[in-house]
Amino acid sequence: MTVAERPTITGAVDTDVHVAPAAMDALLPYLDEYWQSYIDDATIRLGGMAYPVGARTTGPPAPDAYAALGEVLDRSQPERAILSCLVLDGVHRNPHYAAALATAVNDWLRDEFLARDDRLRAGLTVSTLDIPAAVEELERLAGDRRYAHVQLPLRNDIPYGNRYYHPLYEAAERHGLPVALHAWGRGGNAPTTTGVTTTYLEDYASNAHIAQTQMMSFVAEGVFSTFPDLKVAFLECGFSWLPPQLWRFDKDWKGVWREVPWVKERPSAYIRRRMRFTTEPAQLPRDAAQVAQVVEMVGPELLMYASDHPHDHGDSSDALLAHLGEDQVEAILRGNARAFYGERLG
Amino acid sequence: MTTQLDVHTTPGGQATKAVSLVDVDIHPVVLPPGLARRLPERWAKHMERYGRRAPFVTDLYPRPRNKGMRADSWPEGGVPGSDYELMRRQLLDEHDVDFGILLCLIPHDAGYDHPELDAAINRAVNDCMAEEWMDRDARLRSSILVPFEHPELAVKEIERVAGDDRFVQLLLPAAGQEPFGSRKYWPVYAAAAEAGLPVAFHTGGYTGHRGAGWPSFYLEEHAGYGVVMQMLLTSLVCEGTFAAIPNLKVVMTEGGALWAAALRWRLDEAYKQLRDEVPELERLPSEYIRDHVWFDTQPMEEPDDPAHFLQIVEQADLEDRLMFATDYPHWDFDAPANSLPRGLSKEQRARLLAGTACELYGLPKVVPVERA
Chain X
1 MTVAERPTIT
11 GAVDTDVHVA
21 PAAMDALLPY
31 LDEYWQSYID
41 DATIRLGGMA
51 YPVGARTTGP
61 PAPDAYAALG
71 EVLDRSQPER
81 AILSCLVLDG
91 VHRNPHYAAA
101 LATAVNDWLR
111 DEFLARDDRL
121 RAGLTVSTLD
131 IPAAVEELER
141 LAGDRRYAHV
151 QLPLRNDIPY
161 GNRYYHPLYE
171 AAERHGLPVA
181 LHAWGRGGNA
191 PTTTGVTTTY
201 LEDYASNAHI
211 AQTQMMSFVA
221 EGVFSTFPDL
231 KVAFLECGFS
241 WLPPQLWRFD
251 KDWKGVWREV
261 PWVKERPSAY
271 IRRRMRFTTE
281 PAQLPRDAAQ
291 VAQVVEMVGP
301 ELLMYASDHP
311 HDHGDSSDAL
321 LAHLGEDQVE
331 AILRGNARAF
341 YGERLG
Chain S
1 MTTQLDVHTT
11 PGGQATKAVS
21 LVDVDIHPVV
31 LPPGLARRLP
41 ERWAKHMERY
51 GRRAPFVTDL
61 YPRPRNKGMR
71 ADSWPEGGVP
81 GSDYELMRRQ
91 LLDEHDVDFG
101 ILLCLIPHDA
111 GYDHPELDAA
121 INRAVNDCMA
131 EEWMDRDARL
141 RSSILVPFEH
151 PELAVKEIER
161 VAGDDRFVQL
171 LLPAAGQEPF
181 GSRKYWPVYA
191 AAAEAGLPVA
201 FHTGGYTGHR
211 GAGWPSFYLE
221 EHAGYGVVMQ
231 MLLTSLVCEG
241 TFAAIPNLKV
251 VMTEGGALWA
261 AALRWRLDEA
271 YKQLRDEVPE
281 LERLPSEYIR
291 DHVWFDTQPM
301 EEPDDPAHFL
311 QIVEQADLED
321 RLMFATDYPH
331 WDFDAPANSL
341 PRGLSKEQRA
351 RLLAGTACEL
361 YGLPKVVPVE
371 RA
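Residue numbers (this note's numbering), protein chains in the order written: chain X, 1 to 346; chain S, 1 to 372.
Bear in mind the hints are in silico, worked out from the structure with no lab data behind them.
Mixed in with the good hints, there may be bad ones.
With a Cα cut of at most 27 angstroms, we get these calculated BS3-like pairs of lysine-lysine [what the hints assert, rightly or not]:
id	chain 1	residue 1	chain 2	residue 2
1	S	Lys184	S	Lys156
2	S	Lys17	S	Lys365
3	X	Lys251	S	Lys346
4	S	Lys67	X	Lys251
5	X	Lys254	S	Lys67
6	S	Lys67	X	Lys264
From the structure, some residues in chain X lie toward chain S, with a derived Cβ separation under 7 angstroms [claimed, not checked]:
id	residue
7	Thr57
8	Pro60
9	Asp157
10	Leu201
11	Asp252
12	Gly255
We treat Cβ as the ideally placed atom computed from N, Cα and C, and that holds for glycine.
So here's chain S without its partners, still in its complex pose (with noise of 0.2 angstroms):
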């Protein structure tokens, strides 16, 4: 809630207050008519006759726990996530959000469609972003959806997005059609750090294999995002990506952050005794992940033992590299008022929940109170 003590006037006379939540994974959803209205007739017309390539992600692992998404999250004849009305209310309304940024996954997997079906998704979702729920509040920001297993049209994509500047960060799944540390994908990354745009990994996309065969349950799944975001941290780092790209910033969605410590040491170690396979890397893999990395606090792994969030929290380097997510309209939604790891310092959790990703993203850390 807002308090009167949070409130502030300008000499202009509008009232304003501190920005104090950022909620950094809002889920929304395009549903397949809105799409098709926005996609040029031949994939209208084939997304109706052959649909999508992929396989759905709840068709390989089944989501036994509410289909998936908060109970109370269904608005009448839709699906979670598709009516910015109940999303205002659910989220931004009662916890008094000040920015949330939209993170739509439609397109995590339209790599494996047709290249111009690919690129044509990813236009009509960010169009939809703008249109259906940017416009309508001034405290939605979002990702720039991109097709980028064709680099070529991705950077297009940006380029026609990249100057409305409620875009903040570019959005890829956590696994494409190769290791995202692929040279391929680099020209993606330099358009990105070009725009100032941080380049967020959310997980999804080509995940389901895990390096020795597919795990049979959700459970597995879902506990092994953070695994899935080692792996494709360690492809950034080894294969060269940030020492090639200085000013790339990547964020790491939904994927937990707490495996970062061990991480490090473990890169370190290796890279100590392998150096002379990688010259290009010219620091510590710890150092390319302090220095490019950021990370958001849903789902937060939980220790029985409050301290030892802490304590990794502080192994790892990362007070001023996480970020509070809800995951709204997920199962696993997060509550800014009761989800936070227990001793966190006044200073932390301001950080926690606002300032880092005001900082990341150049939001304002002032803003008017109506602004809805």
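Chain X on its own, in the form it takes in the complex (with noise of 0.2 angstroms):
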């Protein structure tokens, strides 16, 4: 099945709807001469290796203009859509193009899509190469409601609960913004211990495998020890694989919590609290009955949905929906995004 032949769900709160300039051009306007002649002079272009063209898992071009996501809008209806734009998850270590790059992103989203519809929010995009810089473009445009969450790309250099970023969790908390991992991320980092995956496949599968490792990474260092209103949401990088790695978690805390004083209360404890997880991938079992089981291990309170266009990983979320009860899915499709994003909605 296509994502075109699968049932649209109406009405929703769509927490991941993919946007991105068809090229550098669009973000020209939002960069100054500067920056203008490095990209004209390195030829840079957009891109990166978490979509190749060709891949089913891919879809079509996102929408690069209000024009086109508008077609999206007509058939969804969302109650509200909160874009996700990838472009700054290059392989560029230039901190300061990263964070130039960032706020034309923000300006550029802002313009061609925030200022034409009221349904629409966007992930605030920042650079995670200059944390400083980040806290500043926060500053600048966290008063913005439009702007949802704080976007992260899942995969960087140090895992999100080391205090390199605390600054930013500092501010996002001050301004009730929650943090989102995305999944992909910072290319040319292996998304293994070791070293780099020769498949696509693979790569692609590795994001719930990175996923977990930054879950742990937040609860481990103590950022909601220290951030008590901070809320982080995992974008794109499943859910089901939760379960058995709760368990885990909350049974080596009862072994080793001296070396984590901080940690007060079972890890489990604070991400059902603090976390949430979009339902696209669902990665989910073929048979309906356990299906029922994975949701209510996972606990249907955490999964906010995606509808993750255009991208198209199978049609594991439709047999999700199909076989919860109408309070679950009440709240999978509207009800936890609106109690996590709060006012960000309003």
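Mind assembling these two chains? They're in different frames, but the hints should get you there.
In structure tokens form, the structure reads like this:
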């Protein structure tokens, strides 16, 4: 079944809808002369390794303008749609360039999409190579509630619980902005313990592995103890891996808690209060009774609907919604996201 | 305890019992003098002067719990796992272990060293396992350690040792210098499969980095062992290892097992979308996992609701793929009497405690009562 043949979910809070400028030209007006000539001289193109153009999971190009997105919205009539623009996930290492590009992306998102449709929200893009610059960008835009979360690339150089990032979390918490880790991210790092993968298939499946390590990092480093109101979402990372990893994490914490005395409760308690996971990709069993078991173990309150347009991960998420009760469906389609984002969706 | 009911007498008059407990993860240690004694002079001197190249895992992530060991497992003047007599008393005798499989982890990181030193360390450890452990106790079996970063040397070591059928599997860590699905390692797996030996991957090796940097704490390292196993198994499946070596059997050791259910769904779903990239995979990833992969129980993920354990065992089709392990002498030792998941049927317990391991490793199902 292709995406077009699958049932359309309407009226939801859609927490992950992709948009991307078709080319660098769209961002140039938001960059100063220095960066314009830098981009021109180096012939920098937008792109990355995350979504190969011919892979079935990639789908058609992400909407590059409001007109193209409009067709999607006409079909799905979302209550709210949160836009993810991942063009910053390149392999560049220049922290100044990353900061300038983040600003350009945020301004482009506002002018091209947010200003044209009240239903739209967007992830606030920041440079993860320069946290003071990220904080500055957050301060510039956090007052605008149309930026629903700070969007971070799942794959970076340092795990996300590390103190390196804490100034960003302090600012995010102060502004009531959740943090959202989106699948993929910084290219060039192997998604394994050691070497690079020779297949896209493996790289694609690896988002779930890195998400598990990032989830543990937030808890183990005490982010949730230091920032008691901070919330974290995982976008496009799956969720069916959660139960065994939570059991394992809790059990090990009981054994070696003295290493992390700031973790006052069992890790799963923090995760269940503060973290949410989007429904696409769903990565579920084919058997309906087993789907129900998985949802019960995960806890439907942890899930937020995402279409992940235009990506096509298969039809597992249809099975998810088909096998749930009415209350659970309502929570996943709207209630959980409303509670998580609060006034940002207002 | 062996009870009267378990004991039978053969026509020859020897009292026998059914094998009811196999421990698939015991960690003996070879102390530096024992190792040096078995090394060629050049490498003994080298070790004395330069030591090993790899960082010690406990330097990277110190174990803040009884130095990482069972508190009562320190022999006088030695380190846990270095004293056969103490291990015999505390483990084999006390828990009535019928077979115990030795997994000496000392060579895990020897791939950092000179290839010949790597080979010499592995050879020395294999000889030590035979002479100082298995020769002393008929209940013991061992893994073969190999210089896996140098496949041609590894294959030689397999050929040297595999004739001794007390060596029941090959042992590799959970990560090498390349992902373990890499073709570089296939000759090692092929040689093991050819010799009828499963390949066990045990937590450890070059596993600190987790694809997005280094965690800070042992808690993350330890709770992430299963994540590293997911990475490893993903690599083996996606790079076509099982498709290329159809008689390969692998054992995931000390990485948990319940994550296998979600991994199967994840890889199957991805494969259905992306199969045009990997036509060498002729079957669903879950089918390769089902046919090629075994798991041990230590440390097992423990849900609050024991029903969830049984549900995942069914979802992941693990019922005849789980094997009991104590992880002696490490701090999170599991005793067979009180560490099994609740709710298992009698048959499930028997299979988990001994039956599956006997089948995988070709161990006898009946043994003489007096064997030590």
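Results of checking the hints against the structure:
About 16 angstroms separates the Cα atoms of lysine 184 of chain S and lysine 156 of chain S, which keeps this hinted pair within 27 angstroms; it holds. For a cut-off of 27 angstroms, the pair hint linking lysine 17 of chain S to lysine 365 of chain S stands: about 9 angstroms separates their Cα positions. At roughly 26 angstroms between alpha-carbon atoms, lysine 251 of chain X and lysine 346 of chain S fall within 27 angstroms of each other, so this suggested pair holds. Between lysine 67 of chain S and lysine 251 of chain X, the direct Cα distance comes to roughly 18 angstroms. Compliance with the 27 angstroms bound is thereby established for this hinted pair.
At roughly 16 angstroms between alpha-carbon atoms, lysine 254 of chain X and lysine 67 of chain S fall within 27 angstroms of each other, so this suggested pair holds. Only pairs whose Cα atoms come within 27 angstroms are accepted, and lysine 67 of chain S paired with lysine 264 of chain X is accepted, the gap being roughly 23 angstroms. Checking threonine 57 of chain X against chain S by beta carbon gives a least distance of about 5 angstroms; that is within 7 angstroms, so the hint holds. For proline 60 of chain X, the interface hint is violated, since its Cβ never comes within 7 angstroms of a Cβ in chain S; the closest pair sits about 15 angstroms apart.
The beta carbon of aspartate 157 of chain X is positioned within 7 angstroms of a beta carbon in chain S (closest approach about 5 angstroms), and the interface hint is therefore held. Against a cut-off of 7 angstroms between C-beta atoms, the interface hint on leucine 201 of chain X holds, since the closest Cβ of chain S lies about 5 angstroms away. With 7 angstroms as the threshold, the beta carbon of aspartate 252 of chain X comes within range of chain S, its nearest partner Cβ sitting at about 4 angstroms, so the hint holds. At a threshold of 7 angstroms, the smallest CB-CB gap from glycine 255 of chain X to chain S is about 6 angstroms, leaving the interface hint in force.
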